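Using the sequences and the hints, build the whole thing.
Number of protein chains: 2
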Amino acid sequence: MNNIEYKTKQRKMILEYIEKNKDKQLTAYDILQNLYLKDENPSIATIYRYLEKLVKQGILKKNYSEKKNAATFEYVNKACANHYHLKCEKCGRIIHLSNEVFSDLESKIDKKYDFEIDNVKTVLYGICNECKN
Amino acid sequence: MNNIEYKTKQRKMILEYIEKNKDKQLTAYDILQNLYLKDENPSIATIYRYLEKLVKQGILKKNYSEKKNAATFEYVNKACANHYHLKCEKCGRIIHLSNEVFSDLESKIDKKYDFEIDNVKTVLYGICNECKN
DNA sequence: TTCACATTTGAGAATGATTATCATTTTCAT
DNA sequence: ATGAAAATGATAATCATTCTCAAATGTGAA
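Going down the list, the sequences are from chains P and F. Counting with our numbering, you get residues 1 to 133 for the letters of the first sequence. Counting with our numbering, you get residues 1 to 133 for the letters of the second sequence.
Check before you lean on any hint, since a few could be wrong.
Any copy, or any two copies together, can satisfy a pair, since identical chains are not distinguished.
[Stated by the list, open to error] For lysine to aspartate or glutamate, the following EDC-like pairs were computed, each having C-alpha atoms within a straight-line distance of at most 20 angstroms:
#1 K24 with D39
#2 K112 with E130
#3 K9 with D30
#4 K90 with E106
Hint data in this document are derived by calculation from the structure and do not stem from the laboratory. Here the structure is a predicted model, which is why all the values come from computation and not from measurement.
So, in structure tokens, the structure goes:
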């Protein structure tokens, strides 16, 4: 009936692995494969359960990878909640936009459409300079 | 060995249904359910196969619905390839941005990051005026 | 430390979307 | 009408994810 979160070895291992791979989009099986050989490694069910819990806590963001045909999870960098991002469709590189680049658009859209952009969910897709060549 | 596309009754039915529902995100089973009672209705396998074909042709865009736990397909409106869109996270409403609102940002980003935004894939998420209240 | 109990885990079954298989049917150019 | 290529349907196979439930573990109190 309480709402206590037990600290188990499995959860620690999972979270540590995620934190070591903050920049990656991990599937449940990615994590399984990497913890596989360790003592008291978590089962796939535990991994899925804990990932969903972390999503609810806002620690992870859940996505879906067409290519992998599976859900992927990425670490939510709180510092990134303030600015927008460009994501290259080819190499996946993420560029953090300086605020001033976007602020004009935000206020224009607010005035004209009375629409409040969500800069956590919004991603601007395109092709980065390296991939153009 | 040829690349001919045969016109079959099943494909006509599927495409007609999609065109009647241009504004919706359809799953394969949505289509199945609606063609179900008709003569020579397509099987689920045919629907999946044809949907993927339409995606390859650029007629549909494939998405993934967390809620439905299934792939969804939406009609690609060619006219929308020229401008950006706002999408309300609550009601799903889509607002078509007038070009001038975005053009500033595009050139700023191009200059500063040498990044070319893809206005087909990019969607700006947020909350629309109606949902604010 | 030990107890009582809520929570978590693991193994495997169940689910459900999507894809593959392959024999049969249909399309269409000739 | 014929034949080759393409499409279809029924169903099996695949595979990610969720469910089930007995057993194990974490936690706070005594």
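Now for the hints, and whether the structure bears them out:
1. Taking CA atoms no more than 20 angstroms apart as the test, K24 paired with D39 passes in neither setting, with 24 angstroms inside one copy and 49 angstroms between copies.
2. In this homomeric assembly, K112 and E130 come within 20 angstroms of each other (Cα to Cα) only across copies, at 14 angstroms, whereas the closest approach inside a single copy is 35 angstroms.
3. In this assembly of identical chains, K9 and D30 lie within 20 angstroms of each other by CA distance solely inside one copy; the values are 18 angstroms within and 44 angstroms between copies.
4. With identical chains, the CA atoms of K90 and E106 are at most 20 angstroms apart between copies only, with a shortest distance of 19 angstroms across copies and 27 angstroms within one.
In the structure shown, a violation is registered for the earlier hint numbered 1 alone.
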